[in-house]
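Taken in sequence, the protein lines are chains A and B. Counting from 1, one number per residue, gives the positions in the first sequence under the numbering used here. Counting from 1, one number per residue, gives the positions in the second sequence under the numbering used here.
None of these hints come from the bench; they were simulated from the model. Check each hint, because a few of them may be wrong.
Calculated cross-link-like contacts (lysine-lysine; reagent style BS3-like; alpha-carbon spacing at most 30 Å) [as the list claims (entries may be wrong)]: (1) 41(A) x 150(A); (2) 54(A) x 149(A); (3) 502(A) x 46(B); (4) 502(A) x 62(B); (5) 283(A) x 46(B); (6) 62(B) x 253(A); (7) 395(A) x 46(B); (8) 30(A) x 150(A); (9) 13(B) x 177(A); (10) 46(B) x 62(B); (11) 253(A) x 13(B); (12) 47(A) x 149(A); (13) 62(B) x 395(A).
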Amino acid sequence: MKEELNIGFIGNPNCGKTTLFNAYTGAKLKVANWPGVTVEKKEGAMKYHEHLFKLVDLPGIYSLTSYTMEEKVSRNYILSDDVDVIIDVVDASALERNLYLTLQLIELGKPVVLALNMMDIVEERGMEIDMHRLPEMLGIPAIGVSARKKTGLEILMHAASHHKDHSTPDNLVHQHKSDKESKHVHNHHEEYAMVYSDLIEDKIDLIIEELQTHYPHLTNFRWHAIKLLEMDPEIMEKYPINRPDIIDRSYEKDIINQKYDFIEEIIEEVVVNKSKQVATTDKIDNLLTHRFLGLPIFLGIMAIVFFLTFTVGDYLKGYLEILLEWISGGATAGLEAVGAHPMLISLIVDGIIAGVGGILTFLPNIFILFLALAFLEDSGYMSRVAYVMDGIMGKIGLSGRAFIPMLLGFGCTVPAVMASRTLENRRDRLKTMLVTPFMSCSARLPIYVLFSEMFFKEHAMLVAYSMYVIGIVVAILVAFIMSRVEQVGSENSLLIELPEYKAPNARSIAIYVWEKIRDYLTKAGTTIFIASVIMWMISNIGPTGFVTDMSESFAASIGKVLVPIFTPIGLGHWQIVVALISGIAAKEIVVASCGVLYGIGNINSEQGMSDIVTLLAATGFGAVNAYALMVFCLLYVPCAATIATIKKESDSRKYTLCAVAFQLGVAWLMAFLVYQVGRLL
Amino acid sequence: MRLSEGISGHIYKVIGIQVEENIERRLSALGLISGTHITLLNKKRKGAVIFSVRGTRFAIGKHIADGILVEVTV
Numbered sequence: 001m002k003e004e005l006n007i008g009f010i011g012n013p014n015c016g017k018t019t020l021f022n023a024y025t026g027a028k029l030k031v032a033n034w035p036g037v038t039v040e041k042k043e044g045a046m047k048y049h050e051h052l053f054k055l056v057d058l059p060g061i062y063s064l065t066s067y068t069m070e071e072k073v074s075r076n077y078i079l080s081d082d083v084d085v086i087i088d089v090v091d092a093s094a095l096e097r098n099l100y101l102t103l104q105l106i107e108l109g110k111p112v113v114l115a116l117n118m119m120d121i122v123e124e125r126g127m128e129i130d131m132h133r134l135p136e137m138l139g140i141p142a143i144g145v146s147a148r149k150k151t152g153l154e155i156l157m158h159a160a161s162h163h164k165d166h167s168t169p170d171n172l173v174h175q176h177k178s179d180k181e182s183k184h185v186h187n188h189h190e191e192y193a194m195v196y197s198d199l200i201e202d203k204i205d206l207i208i209e210e211l212q213t214h215y216p217h218l219t220n221f222r223w224h225a226i227k228l229l230e231m232d233p234e235i236m237e238k239y240p241i242n243r244p245d246i247i248d249r250s251y252e253k254d255i256i257n258q259k260y261d262f263i264e265e266i267i268e269e270v271v272v273n274k275s276k277q278v279a280t281t282d283k284i285d286n287l288l289t290h291r292f293l294g295l296p297i298f299l300g301i302m303a304i305v306f307f308l309t310f311t312v313g314d315y316l317k318g319y320l321e322i323l324l325e326w327i328s329g330g331a332t333a334g335l336e337a338v339g340a341h342p343m344l345i346s347l348i349v350d351g352i353i354a355g356v357g358g359i360l361t362f363l364p365n366i367f368i369l370f371l372a373l374a375f376l377e378d379s380g381y382m383s384r385v386a387y388v389m390d391g392i393m394g395k396i397g398l399s400g401r402a403f404i405p406m407l408l409g410f411g412c413t414v415p416a417v418m419a420s421r422t423l424e425n426r427r428d429r430l431k432t433m434l435v436t437p438f439m440s441c442s443a444r445l446p447i448y449v450l451f452s453e454m455f456f457k458e459h460a461m462l463v464a465y466s467m468y469v470i471g472i473v474v475a476i477l478v479a480f481i482m483s484r485v486e487q488v489g490s491e492n493s494l495l496i497e498l499p500e501y502k503a504p505n506a507r508s509i510a511i512y513v514w515e516k517i518r519d520y521l522t523k524a525g526t527t528i529f530i531a532s533v534i535m536w537m538i539s540n541i542g543p544t545g546f547v548t549d550m551s552e553s554f555a556a557s558i559g560k561v562l563v564p565i566f567t568p569i570g571l572g573h574w575q576i577v578v579a580l581i582s583g584i585a586a587k588e589i590v591v592a593s594c595g596v597l598y599g600i601g602n603i604n605s606e607q608g609m610s611d612i613v614t615l616l617a618a619t620g621f622g623a624v625n626a627y628a629l630m631v632f633c634l635l636y637v638p639c640a641a642t643i644a645t646i647k648k649e650s651d652s653r654k655y656t657l658c659a660v661a662f663q664l665g666v667a668w669l670m671a672f673l674v675y676q677v678g679r680l681l
Numbered sequence: 001m002r003l004s005e006g007i008s009g010h011i012y013k014v015i016g017i018q019v020e021e022n023i024e025r026r027l028s029a030l031g032l033i034s035g036t037h038i039t040l041l042n043k044k045r046k047g048a049v050i051f052s053v054r055g056t057r058f059a060i061g062k063h064i065a066d067g068i069l070v071e072v073t074v
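Whole structure, please, built from the sequences with the hints as guidance.
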């Protein structure tokens, strides 16, 4: 018989859940957000004999309360009818920590199978887990697996498919040690793995009676009763009962304590040789998180990452540029040969290939940067960076964790803004999203290279570097001023797990990098494609139709309207204005647009540069104007893809508009200062 | 004493938690409650610390480290 089974994967952060999930599904994932929230939802499918299994990867969480978005999403999904079996992935080498979530899951009353992951590490350390006793104490099957070594995968799915109808526990053989004097009317030990003290069990019985009278259709009375005793806000609102005599206070802490007491009993009976500690991670941490050496080591690692990104990346990028020229030349020749209309040729070659292709040439840089970042993340180092940077970030009112997105901002602002979702509170997320675009991304580099070479000659490199510094200073200054205005600095405290260091897993890294590259390609194929077409259209079509003189195009009309705004910052030329507008699609386009709008074929060549300098000099555009232009490019609205990402992550149109307006304002103000002060010198 | 005043390498017993409710909830979900033993692994001058609780390492900022009250175990 063919059957379809929905399996939810749940577990603590860093328990290897995603590695296990990937081992089953491969890279064929559907990644989306859970409805209405920015919590990622990963879905995959696999064939098991003739059955179809649909797998859902839930967010990594420590508990199932309703205080964070991730926990709420997971809990509601498990309670829904969309899931048949839950695979609870635990790190077998850190069982004590992981079993807390397990006990909460079992209480939810859905079929649960325990996957004891990292069994290879358990063996390496000489630990042993009594696989017979553990299921007896928990009442659910426990399967030893290793996601990295791909062992036990088949048997885990076998257990899941056979366990799907077991919503009541298997044979439980256990009595709490403290239960000898229990006076509670029921002995629950044969029904439930987790049995509480008499005080709590008495109250649970009373609440269940109330719930049965008022909400007879509920499926799991015990769980709802426990949640009411914990005063869980979501359950209190959905199923209120008016018995202040029973629920005289929140029993949450008692319930947590008793769960951990039970876990201690389990560990005592099940784990053998647990005292054997691994010192490797502690030894590495002594160096990497050292109070004086930690920061220099981090800076050194980043220097290597950027060196690889820019030198190796640019080297490969050169080849892609040659390929692009070849494609563009070939397309022109081919289209001319078939007698295509010049307007169509122009659209395809100058619009689409130049626009989309120009972005694709940055693929090697992006690839190497993400490879390095995946390496840092998978090895466990990223969370240490948050600790190392916590003191410095604290001064500008953010937690050390907020440094990770800012760091990613040097590569590409889009994934950097996305990375801000790992921050706990919304205010920190919004603040980080606001300042991250000031970190100069790789797309802005072509602008600095071109204009500093044209106007600053031998000081070109210094001028380009100064842009990075200005970006960092503005980001820090903005965050600092905001923290002063807000006057609340207590909530941004760091709390982050530091996983054991491990050799990065090739498969996990490949999937991580592929996801980012795919996003980037999608962006090039959609947003940038459309923007390129629009840019081409407005600069080639005017009120009189298809124009040969660009100064009669719609682009020129728009540019001329905005010239008065840009004159005080030294950029009062319609061509520059239009180039800056086109840069909203993607910052690299500013360079290409300047070439097109000033009618210079190869703007990067020496002849092209001297031509444009002469042209600009005739209109009074000099070094100070060029510097103001670079500063403006550094700070003004990030590209369209970033704006879309900010909208997606903040889920607020108003915030997005404010952020864009703010960045435009900062850019204008800074460029104004540069131009007005520079003119006096 | 506060955890932020502890010495690296020492084991402490938690005797009280004085932080905002939401942070306290997250700590208790991690099994950090009164009576739990924790090992201080690393400390920065400013008071941020790394400690291990129930077999897992965590880094916390000064604010939380100040709010965890501990006593020396024998």
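Checked hints:
| no. | hint | result |
| --- | --- | --- |
| 1 | 41(A) x 150(A) | holds, 23 Å |
| 2 | 54(A) x 149(A) | holds, 23 Å |
| 3 | 502(A) x 46(B) | holds, 29 Å |
| 4 | 502(A) x 62(B) | holds, 28 Å |
| 5 | 283(A) x 46(B) | holds, 22 Å |
| 6 | 62(B) x 253(A) | holds, 24 Å |
| 7 | 395(A) x 46(B) | holds, 11 Å |
| 8 | 30(A) x 150(A) | holds, 22 Å |
| 9 | 13(B) x 177(A) | holds, 23 Å |
| 10 | 46(B) x 62(B) | holds, 7 Å |
| 11 | 253(A) x 13(B) | holds, 17 Å |
| 12 | 47(A) x 149(A) | holds, 20 Å |
| 13 | 62(B) x 395(A) | holds, 12 Å |
The structure shown violates none of the earlier numbered hints.
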